[in-house]
Amino acid sequence: RKEVEQDPGPFNVPEGATVAFNCTYSNSASQSFFWYRQDCRKEPKLLMSVYSSGNEDGRFTAQLNRASQYISLLIRDSKLSDSATYLCVVNGGNSGYALNFGKGTSLLVTP
Amino acid sequence: GAGVSQSPSNKVTEKGKDVELRCDPISGHTALYWYRQSLGQGLEFLIYFQGNSAPDKSGLPSDRFSAERTGGSVSTLTIQRTQQEDSAVYLCASSRGGDRTYEQYFGPGTRLTVT
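Protein chains in written order, with my numbering: chain A, 24 to 134; chain B, 331 to 445.
Just so you know, these hints were derived from the structure itself, not from any lab. Some hints could be false.
Example chain B residues on the side facing chain A (calculated, C-beta under 8 Å, incomplete) [unchecked claim]: (1) G381; (2) D386; (3) F395; (4) T431; (5) Q434.
Some chain A residues well away from chain B (every beta-carbon gap over 12 Å; in silico) [as the list claims (entries may be wrong)]: (6) T41; (7) A43; (8) F83; (9) Q92; (10) G125.
Every value quoted in this text rests on a predicted model; they were computed, and no experiment measured them. Beta carbons: idealized from backbone N, C-alpha and C, even for Gly.
Full structure from sequences and hints, please.
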């Protein structure tokens, strides 16, 4: 079983739509959770951390369900510039500081 | 300020040869990571350095892979006796460490092709 699993998509949505991505992780000892964004043929960039109580950053809302080992990302009022691959990331490794990345969910926002 | 830099940006090598990939982290960042990303695959963690602590090597796929970090700054990833399955983009990332460890800044990567 992969450490982090995501629906690869693609999700095609019109501008202004709300879209949600989900992710599950296998290591119950994981303590840190993130969403990164990766544009085509570019390096990943941190979008936001995910906190136990859920957190919001502008149009983006992240949720964590530890019991189900499930993470979500909600994007409201989608913009064309939101088109990218969204990577679910969970800590792991021997040190606990390694990051395990999902393969990503592809989002295409259309006019 | 300057971001993470990696060199070379592209490397084509013959099967069986050794390669060295270089990463210059952001100045002052104490944590450094190496990942690789194969076509259509997610990022695969390889190794993590934090200050003078022993590195977390749990992601290295075989003993042909090794990495070092000199003076707590520049890092090199060495792949010995390269195989075709080593073809991938090798990404380096750095972070401040501590409670900012996971806020990683990635370099543009080295695209390795083994023929």
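Structure-based check of all given hints:
A least Cβ separation of about 11 Å between G381 (chain B) and chain A goes past the 8 Å threshold, and the interface hint is therefore violated. Given hint, D386 (chain B) at the interface with chain A, holds; its Cβ is 4 Å from that chain's nearest Cβ, closer than 8 Å. Because the smallest distance between the Cβ of F395 (chain B) and any Cβ of chain A comes to about 15 Å, over 8 Å, the interface hint for this residue is violated. Hint on T431 (chain B) holds. Least Cβ distance to chain A is approximately 6 Å, under the 8 Å limit.
Given hint, Q434 (chain B) at the interface with chain A, holds; its Cβ is 7 Å from that chain's nearest Cβ, closer than 8 Å. The non-interface label for T41 (chain A) is consistent with chain B: the shortest C-beta to C-beta separation is roughly 25 Å, beyond 12 Å. With a cut of 12 Å on Cβ distances, A43 (chain A) stays outside the contact zone with chain B, its closest approach being about 20 Å. For F83 (chain A), the shortest C-beta to C-beta distance to chain B comes to about 16 Å, beyond the 12 Å cut-off, and the non-interface label holds.
The claim that Q92 (chain A) lies off the interface holds: its Cβ sits roughly 17 Å from the closest Cβ of chain B, which is beyond the 12 Å cut-off. Non-interface status of G125 (chain A) relative to chain B is broken: a Cβ of that chain comes within 12 Å, the nearest being about 6 Å off.
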